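Colleague: What follows is each chain in one-letter form.
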Amino acid sequence: MSSPEWHEPGETVDVERLLSDALRPIEPPESLSGRLEDTFSSITQAAAEELTDWAEELTESELQSLKDPRNWVRPVVAVTAGGLATGALVVLEMRRRGRSRARHGVRHLAGEIRSRL
Amino acid sequence: MSEERGPRRDPASLDPGAKAELDRAFEQLYRAHLRDVYSYSYYRVGNHHDAEDLTEQAFLQAYRHFERARAESDGRPLRPWLIRIAHNLASNYHRDRSRRPQTPLENADPIPARHGTEDLVEGREELREVIANLDHLPDDRREALIMRFALGMDNREIARALGRSDGATKVLLHRAIKQLGEEMAS
Chain H
1 MSSPEWHEPG ETVDVERLLS DALRPIEPPE SLSGRLEDTF SSITQAAAEE LTDWAEELTE
61 SELQSLKDPR NWVRPVVAVT AGGLATGALV VLEMRRRGRS RARHGVRHLA GEIRSRL
Chain Y
1 MSEERGPRRD PASLDPGAKA ELDRAFEQLY RAHLRDVYSY SYYRVGNHHD AEDLTEQAFL
61 QAYRHFERAR AESDGRPLRP WLIRIAHNLA SNYHRDRSRR PQTPLENADP IPARHGTEDL
121 VEGREELREV IANLDHLPDD RREALIMRFA LGMDNREIAR ALGRSDGATK VLLHRAIKQL
181 GEEMAS
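These protein sequence lines are chains H and Y, in that order. Numbering of the first sequence is given in my numbering, commencing with residue 1 and proceeding in unit increments. Numbering of the second sequence is given in my numbering, commencing with residue 1 and proceeding in unit increments.
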C-alpha cells in the first residue's frame with residue numbers, strides 16, 4: 001500500500017498500516033491445491049472418455065445397421081413408396097394435359113362453326 | 001463481466017488442440033490466483049473449511065466460463081473476474097444461511113505480522129481490534145477493504161470485481177477507511 005490515493009496524507013496512515021498487517025494474504029492448504037487439481041483432471045478425463053465412447057458407439061451402430069438385413073426393410077419401403085408416388089403424379093399430369101387438349105379442341109370447333117355461320 | 005449473458009460452451013466441447021491451450025491458460029490463472037481466491041473466501045466466511053469449499057466452487061465456475069471470459073476480457077487481467085465469482089458465491093453462502101459467518105470474522109486469527117517479539121503481543125491485540133471493527137462495517141466497505149489490503153488490488157480491479165465505477169470505488173474505500181478509523185478511535 002505504498003501509494004494511498006483516496007485520502008489526504010497523514011489522515012488515516014495508522015488505519016492503513018493496521019489493515020495491511022491484519023489482512024494478510026492466506027496461503028491455501030496443500031490439500032486444497034491437490035483436491036482442485038484432481039477435480040480438474042477428472043473433469044478433463046471424464047469429458048475425453050465420454051467423447052471417445054460416444055464416437056465408438058456411433059460407429060458400431062452405423063456398421064450394425066448396414067450389416068443387419070432387418071434394417072433394409074425401411075429403405076426398401078421408402079424407395080417403393082417414392083416410386084409409386086412419382087408414378088401417380090405422372091399419371092395425374094397426363095390426364096390433366098389430356099383434358100386440357102380436349103377442352104381446347106371443343107373451343108376450336110365452336111369457333112369454326114361460329115365463323116361459318 | 002456478467003456470467004449470464006450469451007451461450008456457454010463447455011471447454012470439453014472444443015477441439016483437442018484448442019482445449020489443451022485453454023487448459024494450459026486456465027492452469028496459469030489458477031496457479032497465479034489460488035491464494036487470492038482463498039484469502040478472499042476466508043475473510044468473507046471466517047473459517048478454513050468453508051473457504052476451501054468456496055474456493056473450489058469458484059474455480060469450477062471459472063473453468064466452465066473461462067473461454068468466454070478470456071475472449072471478453074480483451075487482454076485485461078482476469079483476477080477481478082475471479083474475485084467477483086468468489087464474491088458472489090460468498091454472498092450466496094451468507095444468504096443461504098441468513099446470518100453472519102459461522103465463525104465471525106472477529107474470531108478469526110489475525111495472520112502473524114513480521115514484528116519483533118515484544119511488538120508481536122501488543123500488535124496482535126491491535127490487529128484483533130482492527131478485524132473486530134472491520135466486521136462492523138457495511139458489507140460493501142468491508143469487501144472493498146479485503147480486496148485492497150488482503151489481495152493488494154488497485155482501485156480499478158476492485159471496481160471491476162464489485163461492478164462499480166472507478167470513482168464510486170475510490171469513494172467507497174475512502175469512506176471505509178474513515179469509518180474504521182472512527183470506530184477504532186471511539
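Any given hint could turn out to be false.
Stretches of chain Y that chain H covers, calculated by requiring three or more beta carbons in the stretch to come under 8 Å of a beta carbon on chain H [claimed, not checked]:
no., stretch
1, 71 to 81
2, 157 to 165
Using C-beta positions, here's what the derived DEER-type ranges look like [as the list claims (entries may be wrong)]:
no., chain 1, residue 1, chain 2, residue 2, range
3, H, E37, Y, G152, 38 to 48 Å
4, H, Q45, Y, A185, 52 to 62 Å
5, Y, H49, H, E37, 16 to 26 Å
6, H, E37, Y, R156, 25 to 35 Å
7, H, E30, Y, D96, 27 to 37 Å
8, Y, A20, H, S31, 34 to 44 Å
9, H, S31, Y, A185, 15 to 25 Å
10, H, S42, Y, R95, 22 to 32 Å
11, Y, A18, H, E30, 50 to 60 Å
12, H, S31, Y, R95, 48 to 58 Å
Because the hints were derived from the structure by calculation, they are not lab data. Note that the structure is predicted; figures quoted are calculated from it, not measured. Here a beta-carbon is modelled for each residue, glycine too, at the ideal position from N, C-alpha and C.
Colleague: Hint by hint, note whether the structure agrees.
Modeller: Status of the hints after comparison with the structure:
Counting residues of the stretch 71 to 81 of chain Y whose CB lies closer than 8 Å to any CB of chain H gives 0, so the stated coverage by that chain is violated, three being the minimum. Here the stretch 157 to 165 of chain Y counts 0 residues with a CB under 8 Å from a CB of chain H, which misses the bar of 3, and the coverage is violated. Checked against the given bound of 38 to 48 Å, the beta carbons of H:E37 and Y:G152, roughly 25 Å apart, lie outside it. Range check, H:Q45 to Y:A185: Cβ separation about 57 Å, and the 52 to 62 Å hint holds.
Distance hint check: the CB atoms of Y:H49 and H:E37 are about 19 Å apart, consistent with the given range 16 to 26 Å. Checked against the given bound of 25 to 35 Å, the beta carbons of H:E37 and Y:R156, roughly 31 Å apart, stay inside it. Against the hinted window of 27 to 37 Å, the Cβ-Cβ separation of H:E30 and Y:D96 comes to about 28 Å, which satisfies the hint. Between Y:A20 and H:S31 the CB atoms are about 27 Å apart, so this pair departs from the stated range of 34 to 44 Å.
The supplied range of 15 to 25 Å is broken by H:S31 and Y:A185, whose beta-carbon atoms lie about 41 Å from each other. Restraint check, H:S42 to Y:R95: a C-beta distance of roughly 30 Å satisfies the suggested window 22 to 32 Å. Between Y:A18 and H:E30, the C-beta spacing of about 32 Å breaks the proposed range 50 to 60 Å. Hint check: H:S31 to Y:R95, Cβ distance near 28 Å, so the stated range 48 to 58 Å is violated.
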